[in-house]
Amino acid sequence: MKLQVTLDAFPYLLEAAGTTLWISLLGIALGQVIGAAVCLCRVSPLRPLARFGAVYVSFFRGVPLLVQLLLVYYFLPYVGIDVPPLVAAIGSLGLASGAYVCEIFRGALTAVPKGQAEAAQSLGFPPAAIWRRILLPQMLRISLPALVNELILLLKASSLISVVGVTELTRSSHTFAASTYHPLEIYLTAAFIYLLMNLCLAAAGAMAERRLAAG
Amino acid sequence: MNDAPMIEMRGVSKSFGTLRVLDGIDLTVDRSEVVCLIGPSGSGKSTLLRCINFLESYDTGEVRVEGRLVGYVEGNGRRRMPDRALREIRRGIGMVFQHFNLWPHMTALGNVAEPLIRVRGLAAAEAGLRARAMLGRVGLADKEGEYPARLSGGQQQRVAIARSLAMEPRLMLFDEPTSALDPELVGEVLQVMRDLATEGMTMMVVTHEMGFAANVADRIAFLDRGRIIAYGPPRHVLHESTEPRLRQFLQTYHERNNF
Ligand SMILES: Nc1ncnc2c1ncn2[C@@H]1O[C@H](COP(=O)(O)OP(=O)(O)OP(=O)(O)O)[C@@H](O)[C@H]1O
Ligand SMILES: [Mg+2]
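Heads up: the protein sequence lines correspond to chains A and B, in order. Quick note: the first sequence uses this note's numbering, first residue 1, plus one each step. Quick note: the second sequence uses this note's numbering, first residue 216, plus one each step.
Careful, some of the hints might be misleading.
[Unchecked claim] Straight line, CA to CA, 20 Å or less: simulated DMTMM-like cross-link-like pairs of lysine to aspartate or glutamate: (1) A:K2 - A:E185; (2) A:K114 - B:D298; (3) A:K114 - B:E271; (4) A:K156 - A:E15; (5) B:K358 - B:E341; (6) A:K114 - B:E391.
[Claimed, not checked] Covered stretches of chain A, going by a simulated chain B footprint (3 or more residues, C-beta under 8 Å): (7) 44 to 54; (8) 77 to 87; (9) 109 to 119.
[Unchecked claim] Facing chain A, according to a computed beta carbon distance under 7 Å, are these residues of chain B, among others: (10) R225; (11) N268; (12) L270; (13) S272; (14) R306; (15) F312; (16) N316; (17) W318; (18) H320; (19) R333; (20) V334; (21) G336; (22) R462.
Since the hints were made in silico from the structure, they are not lab data. Beta carbons are placed, not taken as given, at the ideal position from N, Cα and C, and that holds for glycine.
Please construct the entire structure, taking both the sequences and the accompanying hints into account.
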């Protein structure tokens with residue numbers, strides 16, 4: 001083991017970890033929006049919308065993320081849409097996590113008592129206000145542990161975007177491992193950084209949970 | 216329009232699958248009248264109440280509130296009325312639920328102010344002012360900052376009543392408002408309702424509180440298997456009617472309450 005190898009590579013790995021982190025955060029943010037929208041479709045009384053939601057979830061849960069990434073990366077340019085790797089990466093993560101978030105939200109929705117929406121209906125709330133002010137905040141609170149879990153999974157899954165040429169933590173480690181001939185040191189360092197990031201996310205999640213529970 | 220009765224139900228029927236829950240309900244409630252609805256569990260009391268603000272749809276017949284047909288387009292068979300029109304009717308009708316249905320992520324003040332903002336379109340400051348006054352009216356001025364989880368059942372129900380009243384409804388529906396309360400908390404909620412009746416609010420109250428029905432109601436309707444089989448002033452329904460099912464219901468009630 002050579003400590004110097006790790007020390008030399010560390011700043012670069014850290015920078016790459018930053019990329020991993022913000023891509024993952026953007027991915028989950030997009031996933032929230034997509035997940036909420038698809039969830040609305042799934043529970044909609046309109047048949048075609050509900051069917052669309054179900055198909056969406058089946059597809060994005062059923063096809064491996066790596067294959068989805070490659071599809072986006074190769075297919076879109078093929079039909080004449082030129083997407084930068086970063087956009088393809090964030091988009092893919094968002095689309096995929098949207099499917100999982102949708103199911104998390106759907107579970108949370110059934111956990112909100114029916115009377116919550118009924119009280120609002122009886123007062124004359126428009127449907128959009130019922131969703132935004134009554135249901136979503138409660139769904140978010142209920143699903144927070146599952147969402148943090150999803151974020152951690154996503155952060156780890158983001159290592160896959162190295163295949164479309166984004167220099168995130170895994171790809172960067174790969175490069176250093178090859179150029180320094182010290183793969184063990186480099187990958188151990190990468191593992192440590194991943195672990196640290198996820199521990200921080202878990203802690204932040206726990207804190208948010210406590211704050212929400214207090215309110 | 217304004218001399219139409221507050222509620223007018225004509226031949227209202229409703230089935231869940233093959234179960235006929237309401238079976239030809241005819242009922243008229245005038246302005247400032249308090250009508251109590253009593254009957255055994257499963258007789259359709261909640262369903263009847265929920266048809267009045269169309270939280271539940273009805274299959275046949277008509278429900279009119281202040282002359283306006285509820286839920287369906289006038290003279291157009293069973294075509295549903297547009298959501299906007301239904302909301303317009305609903306904001307004139309307050310409803311109080313057995314389990315309060317306060318929103319747990321908002322304070323007492325937030326619960327009362329929210330509908331004023333979202334439905335009446337008031338600015339937050341103005342809504343807060345009115346909400347505060349409403350909480351004062353139900354004796355909870357000092358609890359405005361509390362979340363529902365930190366209030367007693369009786370306090371929660373009073374917040375729920377304040378939430379409805381803040382919308383200045385012309386009709387209030389109560390579905391067993393005290394059934395989920397510990398016995399020592401029932402009184403404070405009934406007192407608020409009694410005051411409301413005195414002020415001339417039109418009220419329809421599903422209740423098992425016979426004392427309240429006897430003293431406050433102008434009329435009592437006894438519902439059994441989806442039909443109103445006794446209707447009239449409290450004295451008549453509670454003491455004079457010879458309807459066997461009503462006698463049996465009251466008998467059971469007395470036995471349960473006389474230890
Ligand atoms: N959404 C529903 N789907 C199917 N059946 C229902 C539904 N709501 C009510 N019912 C049935 O309709 C009947 C009447 O119900 P309702 O709640 O109106 O009775 P209730 O008189 O209010 O009874 P309780 O005193 O127990 O509240 C019951 O048999 C009930 O099981
Ligand atoms: Mg009931």
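These are the hints, each one checked on the structure:
The straight-line distance between the Cα atoms of A:K2 and A:E185 is roughly 7 Å, inside the 20 Å bound, and the hint therefore holds. Pair hint A:K114 plus B:D298 holds up; C-alpha atoms about 19 Å apart against a cutoff of 20 Å. Under the criterion of a C-alpha separation no larger than 20 Å, the hint pairing A:K114 with B:E271 is consistent with the structure, at around 13 Å. Simply put, A:K156 and A:E15 have alpha-carbon atoms about 16 Å apart, close enough for the 20 Å limit, and the pair holds.
The hinted pair formed by B:K358 and B:E341 meets the criterion: a straight-line CA distance of about 19 Å does not exceed 20 Å. Among the hinted pairs, A:K114 with B:E391 is consistent with the structure: their alpha-carbon atoms are about 17 Å apart, no more than 20 Å. Under a criterion of three residues with beta carbons nearer than 8 Å to beta carbons of chain B, the stated coverage of the region 44 to 54 of chain A fails, only 0 such residues being counted. For a cut-off of 8 Å, the count of residues in the region 77 to 87 of chain A with a CB near a CB of chain B stands at 0, and the three-residue condition is violated.
With 5 residues carrying a beta carbon less than 8 Å from a beta carbon of chain B, the region 109 to 119 of chain A meets the three-residue requirement, and the given coverage holds. Because the smallest distance between the Cβ of B:R225 and any Cβ of chain A comes to about 23 Å, over 7 Å, the interface hint for this residue is violated. Nearest Cβ of chain A to the Cβ of B:N268: about 6 Å, under the 7 Å cut. The hint holds. Among the interface hints, the one on B:L270 holds; its C-beta lies about 6 Å from the nearest C-beta in chain A, closer than the 7 Å criterion.
Hint on B:S272 is violated. Least Cβ distance to chain A is approximately 13 Å, over the 7 Å limit. At about 3 Å, the closest approach between the beta carbon of B:R306 and any beta carbon in chain A falls short of 7 Å, and the interface hint on this residue holds. Nearest Cβ of chain A to the Cβ of B:F312: about 6 Å, under the 7 Å cut. The hint holds. For the restraint placing B:N316 at the interface with chain A, the shortest Cβ-Cβ distance is roughly 4 Å, inside the 7 Å limit, so the hint holds.
Because the closest C-beta pair between B:W318 and chain A is about 6 Å apart, less than 7 Å, the hint holds. Nearest Cβ of chain A to the Cβ of B:H320: about 5 Å, under the 7 Å cut. The hint holds. With its C-beta approaching chain A no nearer than about 4 Å, B:R333 sits inside the 7 Å limit, and its interface hint holds. Annotation: B:V334 was flagged as interfacial toward chain A, and the flag holds, the nearest CB pair being 5 Å apart, inside 7 Å.
Checking B:G336 against chain A: minimum C-beta separation of about 11 Å lies over 7 Å; hint violated. Using the Cβ-Cβ criterion of 7 Å, the hint placing B:R462 at the interface with chain A is not satisfied: the shortest such distance is roughly 34 Å.
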